[in-house]
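Use the sequences and the hints to build the structure in full.
2 protein chains.
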Amino acid sequence: MKKILPPDVTDKQFDRVLAAFREVVGDNWVFAEETAELISYRDPYAIVDEAHFRPSASIAPDGVDEIQAILKIANDFNIPLWPVSCGKNLAYGGAAPRLPGSVVLDLKRMNRVLEVNEKFGYALVEPGVSFYDLYNYIQARGIKLWLDVPDPGWGSVVGTTLERGAGYTPYGDHFMRQCGMEVVLADGDVVRTGMGSMPGNNTWQLFKYGFGPYHDGIFTQSNYGVVTKLGVWLMPEPPGYRPYMITLQRDEDIEQAVEVIRPLKVNLVIQNAATIRDLHLVASLNTSRTEYYDGDGPLPDSVRRKIMADQDIGAWNFYSALYGPPKIMDTHLEIIRDSFAQIPGARFFFPEDRKDKNDVLHHRAKTMAGIPTLTEFGLVNWVGGGGHIDFSPVSPTTGEDAIRQFNMVKQRAHEHGFDYMGVFIVGWREMHHIYTLAFDKNDPEKKQRAYRLFDILIREAAAAGYGEYRTHLAFMDQIAATYNWNDNSLARLNNKLKDALDPNGILAPGKQGIWPKHLRDKR
Amino acid sequence: MKKILPPDVTDKQFDRVLAAFREVVGDNWVFAEETAELISYRDPYAIVDEAHFRPSASIAPDGVDEIQAILKIANDFNIPLWPVSCGKNLAYGGAAPRLPGSVVLDLKRMNRVLEVNEKFGYALVEPGVSFYDLYNYIQARGIKLWLDVPDPGWGSVVGTTLERGAGYTPYGDHFMRQCGMEVVLADGDVVRTGMGSMPGNNTWQLFKYGFGPYHDGIFTQSNYGVVTKLGVWLMPEPPGYRPYMITLQRDEDIEQAVEVIRPLKVNLVIQNAATIRDLHLVASLNTSRTEYYDGDGPLPDSVRRKIMADQDIGAWNFYSALYGPPKIMDTHLEIIRDSFAQIPGARFFFPEDRKDKNDVLHHRAKTMAGIPTLTEFGLVNWVGGGGHIDFSPVSPTTGEDAIRQFNMVKQRAHEHGFDYMGVFIVGWREMHHIYTLAFDKNDPEKKQRAYRLFDILIREAAAAGYGEYRTHLAFMDQIAATYNWNDNSLARLNNKLKDALDPNGILAPGKQGIWPKHLRDKR
Numbered sequence: 000m001k002k003i004l005p006p007d008v009t010d011k012q013f014d015r016v017l018a019a020f021r022e023v024v025g026d027n028w029v030f031a032e033e034t035a036e037l038i039s040y041r042d043p044y045a046i047v048d049e050a051h052f053r054p055s056a057s058i059a060p061d062g063v064d065e066i067q068a069i070l071k072i073a074n075d076f077n078i079p080l081w082p083v084s085c086g087k088n089l090a091y092g093g094a095a096p097r098l099p100g101s102v103v104l105d106l107k108r109m110n111r112v113l114e115v116n117e118k119f120g121y122a123l124v125e126p127g128v129s130f131y132d133l134y135n136y137i138q139a140r141g142i143k144l145w146l147d148v149p150d151p152g153w154g155s156v157v158g159t160t161l162e163r164g165a166g167y168t169p170y171g172d173h174f175m176r177q178c179g180m181e182v183v184l185a186d187g188d189v190v191r192t193g194m195g196s197m198p199g200n201n202t203w204q205l206f207k208y209g210f211g212p213y214h215d216g217i218f219t220q221s222n223y224g225v226v227t228k229l230g231v232w233l234m235p236e237p238p239g240y241r242p243y244m245i246t247l248q249r250d251e252d253i254e255q256a257v258e259v260i261r262p263l264k265v266n267l268v269i270q271n272a273a274t275i276r277d278l279h280l281v282a283s284l285n286t287s288r289t290e291y292y293d294g295d296g297p298l299p300d301s302v303r304r305k306i307m308a309d310q311d312i313g314a315w316n317f318y319s320a321l322y323g324p325p326k327i328m329d330t331h332l333e334i335i336r337d338s339f340a341q342i343p344g345a346r347f348f349f350p351e352d353r354k355d356k357n358d359v360l361h362h363r364a365k366t367m368a369g370i371p372t373l374t375e376f377g378l379v380n381w382v383g384g385g386g387h388i389d390f391s392p393v394s395p396t397t398g399e400d401a402i403r404q405f406n407m408v409k410q411r412a413h414e415h416g417f418d419y420m421g422v423f424i425v426g427w428r429e430m431h432h433i434y435t436l437a438f439d440k441n442d443p444e445k446k447q448r449a450y451r452l453f454d455i456l457i458r459e460a461a462a463a464g465y466g467e468y469r470t471h472l473a474f475m476d477q478i479a480a481t482y483n484w485n486d487n488s489l490a491r492l493n494n495k496l497k498d499a500l501d502p503n504g505i506l507a508p509g510k511q512g513i514w515p516k517h518l519r520d521k522r
Numbered sequence: 000m001k002k003i004l005p006p007d008v009t010d011k012q013f014d015r016v017l018a019a020f021r022e023v024v025g026d027n028w029v030f031a032e033e034t035a036e037l038i039s040y041r042d043p044y045a046i047v048d049e050a051h052f053r054p055s056a057s058i059a060p061d062g063v064d065e066i067q068a069i070l071k072i073a074n075d076f077n078i079p080l081w082p083v084s085c086g087k088n089l090a091y092g093g094a095a096p097r098l099p100g101s102v103v104l105d106l107k108r109m110n111r112v113l114e115v116n117e118k119f120g121y122a123l124v125e126p127g128v129s130f131y132d133l134y135n136y137i138q139a140r141g142i143k144l145w146l147d148v149p150d151p152g153w154g155s156v157v158g159t160t161l162e163r164g165a166g167y168t169p170y171g172d173h174f175m176r177q178c179g180m181e182v183v184l185a186d187g188d189v190v191r192t193g194m195g196s197m198p199g200n201n202t203w204q205l206f207k208y209g210f211g212p213y214h215d216g217i218f219t220q221s222n223y224g225v226v227t228k229l230g231v232w233l234m235p236e237p238p239g240y241r242p243y244m245i246t247l248q249r250d251e252d253i254e255q256a257v258e259v260i261r262p263l264k265v266n267l268v269i270q271n272a273a274t275i276r277d278l279h280l281v282a283s284l285n286t287s288r289t290e291y292y293d294g295d296g297p298l299p300d301s302v303r304r305k306i307m308a309d310q311d312i313g314a315w316n317f318y319s320a321l322y323g324p325p326k327i328m329d330t331h332l333e334i335i336r337d338s339f340a341q342i343p344g345a346r347f348f349f350p351e352d353r354k355d356k357n358d359v360l361h362h363r364a365k366t367m368a369g370i371p372t373l374t375e376f377g378l379v380n381w382v383g384g385g386g387h388i389d390f391s392p393v394s395p396t397t398g399e400d401a402i403r404q405f406n407m408v409k410q411r412a413h414e415h416g417f418d419y420m421g422v423f424i425v426g427w428r429e430m431h432h433i434y435t436l437a438f439d440k441n442d443p444e445k446k447q448r449a450y451r452l453f454d455i456l457i458r459e460a461a462a463a464g465y466g467e468y469r470t471h472l473a474f475m476d477q478i479a480a481t482y483n484w485n486d487n488s489l490a491r492l493n494n495k496l497k498d499a500l501d502p503n504g505i506l507a508p509g510k511q512g513i514w515p516k517h518l519r520d521k522r
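Chain order of the listed sequences is R and X. Following numbering that gives the first Met the number 0, the numbering of the first sequence begins with 0 at its first residue and continues without gaps. Following numbering that gives the first Met the number 0, the numbering of the second sequence begins with 0 at its first residue and continues without gaps.
No false leads were slipped in.
Computed cross-link-like contacts, SDA-like style, restricted to lysine to any residue with a CA-CA straight-line distance of at most 25 Å:
id : chain 1 : residue 1 : chain 2 : residue 2
1  : R       : Lys495    : X       : Pro198
2  : X       : Lys71     : R       : Asp486
3  : X       : Lys326    : R       : Ser338
4  : R       : Lys118    : X       : Glu258
5  : R       : Lys118    : X       : Glu251
6  : X       : Lys118    : R       : Leu263
7  : R       : Lys326    : R       : Leu144
8  : X       : Lys143    : R       : Gln341
9  : X       : Lys118    : R       : Met175
10 : X       : Lys495    : R       : Val189
Here are some, though not all, of the chain R residues that point toward chain X, as calculated from beta-carbon distances under 7 Å:
id : residue
11 : Arg163
12 : Val189
13 : Asn200
14 : Asn201
15 : Ile217
16 : Pro235
17 : Gly464
18 : Gly466
19 : Ser488
20 : Lys495
Covered stretches of chain X (chain R as the covering partner; in silico rule of three or more C-beta atoms under 8 Å from a C-beta of chain R):
id : segment
21 : 426-440
22 : 466-473
These are computed hints drawn from the structure, not numbers from a lab. Backbone N, C-alpha and C fix where the C-beta goes; we use that ideal spot for every residue, glycine too.
Shown next, in the form of structure tokens:
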């Protein structure tokens with residue numbers, strides 16, 4: 000494959016840049032040849048041409064000083080940098096940069112757990128700290144705090160928070176629980192947000208907002224700075240914990256279920272970020288579609304019914320948990336059981352009711368207690384070839400919206416020959432609907448079909464008022480363009496901030512559709 | 000008193016500006032003479048020379064179009080504008096501008112309740128909507144939602160949220176419950192944040208973050224835009240509610256009390272933003288110091304004991320409430336009573352235990368249920384002359400920090416001849432310690448003493464690592480300067496954003512210590 004360079008940079012210039020980079024971090028931490036290391040920064044499930052999101056090189060600094068030196072070089076030579084923490088969010092592009100030829104600024108070596116405070120319930124970590132790292136740190140010290148983990152657990156605590164990802168405990172909204180940042184700006188200036196900018200302060204990880212403008216939000220899903228430290232609140236180990244699941248028999252039961260869930264969630268009777276998972280998603284952890292069916296196109300209903308019977312699961316499966324003193328759990332449980340009992344055919348299970356030790360409830364029991372796992376990767380085996388990208392529209396928590404979204408996505412998926420495979424994650428007043436579009440990444444025709452499907456889904460969702468909260472590299476521009484109220488005033492604001500904070504446009508060009516001036520005008 | 004003009008603007012130029020303003024909003028909504036209207040925009044409890052924070056004029060637009068027209072004029076003529084919603088936060092300067100001669104941009108006419116949604120629990124309001132307005136709107140329609148109100152309730156819902164104020168229900172952190180904004184930028188461009196920038200979206204008030212950078216925080220405690228619409232989440236009326244108070248006998252009991260409170264709060268057994276109020280603050284609502292004592296200097300202990308006995312209150316008084324189904328309230332109550340029982344002399348009261356209908360618990364019972372009142376203004380009568388400003392450091396929730404802060408502030412207050420009068424508002428992992436510095440606003444010598452005291456308090460707090468979350472106009476620069484880590488990198492970031500979003504520096508110069516370029520360099 001042809002060598003890829005940053006835009007408007009010659010081979011010779013790039014050699015000088017690499018030499019300068021090596022002086023900063025040493026020869027071992029700059030990757031510019033076609034080695035396994037550099038290949039690891041490519042989009043693992045490339046839905047478009049594999050060259051499209053390829054980096055020219057990567058560099059792995061260890062510390063703020065080295066980042067400042069790298070930024071200086073990048074500013075001098077106009078080298079686009081693509082910062083990643085652990086780069087493990089594979090369904091959204093992994094560590095690959097939006098702009099081909101960017102240099103990946105890989106922060107994995109900055110993996111120190113700087114503090115875990117049991118009294119107040121927080122951690123201060125660097126970007127390379129994975130959920131596993133933090134979990135192991137806490138376990139080794141017998142600290143009575145729980146994490147909130149995404150599935151899977153190898154991702155970065157910082158990265159997940161900056162991308163505003165979700166977990167499944169009562170602390171499921173990661174950004175809401177974030178408290179204090181250290182950010183290196185494009186010009187190398189280092190800022191601590193909130194109380195952190197008072198020297199010797201004692202509340203950097205205790206009080207989110209500080210004095211004056213509250214900045215943290217503009218460093219999430221953005222390309223305005225490189226976050227090098229981040230505080231996260233951790234949940235005290237509750238005095239009791241009881242995970243459970245409720246199965247629903249029919250596709251259309253999602254409508255009634257969400258109407259049941261909304262008041263329970265707004266009133267915090269459902270305490271955690273609960274999920275409603277469809278048949279395929281649940282089944283995919285223990286089986287694959289080829290075990291049941293070798294035809295093309297969506298699974299026939301008869302096969303779906305067989306899977307439901309074999310695995311004793313529903314068309315939809317609600318996973319949640321009780322947390323707290325036994326009396327409080329009992330009270331919540333009674334209300335929840337009574338509420339779901341209105342739905343004909345709904346069945347309630349505790350883990351002890353699920354004999355198979357591979358049952359998904361046994362897995363979710365860990366996830367909803369903040370224990371990192373990699374089990375969720377079973378889903379990549381549902382179809383052969385292991386590719387998938389996630390379509391993630393935000394939905395009001397109503398039955399009407401849930402069934403409408405489900406039908407919209409399912410119909411288009413079926414038209415394009417894909418299964419529906421999805422989950423609704425229940426936030427406080429909205430749901431993240433995640434449709435996992437699984438495809439064979441070695442089949443160019445299927446990839447093209449998947450791309451066309453994704454494109455249609457974005458457009459139809461936007462026309463109906465649903466916007467995505469996050470996306471794969473390939474669709475960032477398209478989704479950003481759906482947030483176009485008042486003739487794109489949000490984009491104008493984003494661009495003003497970009498030009499002020501990164502005038503040379505070296506940081507993550509194109510991330511979330513935000514381009515620096517010199518590339519913006521070309522587009 | 001001499002007429003005040005904006006800096007570097009002649010009388011003649013200003014007349015042209017006023018004429019242009021009148022063309023936009025009509026003659027009735029521009030105030031430039033020494034009328035009662037214009038005087039109402041002055042600092043009500045001026046701690047420095049009364050001219051210091053005087054506006055040159057005020058203008059009250061009704062709608063985004065008029066605001067855009069005003070911004071155009073202000074940009075053309077370099078007129079500083081000081082936006083206020085209701086301008087009722089008297090202890091921090093009321094509606095008065097930081098820069099003398101600024102024109103107050105009074106948004107009180109924009110007082111529409113645009114939507115209250117009972118199903119999801121939110122309201123969308125304009126800046127002129129007071130807590131009373133929203134409460135009355137909800138009551139008139141029998142909507143089962145509760146507000147979260149500050150004391151007092153005449154303030155603006157939008158203004159309080161933008162200043163990141165606190166209330167006393169489980170929704171006490173107003174900014175955390177804010178969802179969606181419409182902002183007019185200095186150049187007249189109008190942005191909707193989060194999902195609001197997708198046309199026809201259905202989740203603007205349901206999902207806070209949208210796609211790409213999350214901007215809302217930079218429009219709080221800032222001068223980067225004029226917020227014209229704001230969404231706030233409202234709490235569903237709980238199935239049960241029981242307010243209570245616990246009295247503590249000795250000053251030093253604050254230490255043990257906060258150690259009791261921290262785990263209860265982090266675990267949300269204490270569900271609301273509870274408060275610990277000192278003797279004077281509680282007593283001030285029903286009596287005044289002159290009723291008990293006519294000497295100067297702090298109240299002698301014997302008098303304090305008499306007040307405690309007369310009013311059946313403690314040296315400290317903890318006010319909180321139970322919310323939820325009876326079984327959950329009972330469970331929480333048992334844990335809370337057991338925990339406080341460790342403190343010798345602690346006494347527990349429900350409202351029915353407090354016979355006097357003017358008892359503070361009866362008042363707090365309203366506030367903690369989100370019912371707006373003005374009762375809290377009793378505190379201005381504690382000393383004659385009714386002036387007060389609030390000193391508001393953020394503190395870790397530890398007994399050690401509580402007693403240390405209390406002693407620091409009390410000692411300096413006594414040295415300067417003032418009583419300690421304060422409250423600790425218990426947030427999730429920190430406390431807002433609010434010291435109400437009450438002074439006779441008609442006594443220049445006492446005002447000077449109060450100023451000196453405040454100055455010392457800021458410096459001593461900063462030296463010990465405590466930063467203020469908010470302040471009166473007179474101390475914005477000084478407090479901003481305590482957030483000076485890395486040679487003032489936060490100020491550099493604030494200035495970059497200011498120059499990008501408001502290059503002519505017309506919006507609220509000096510707010511929170513952020514000055515536009517042309518005034519910054521002079522300082």
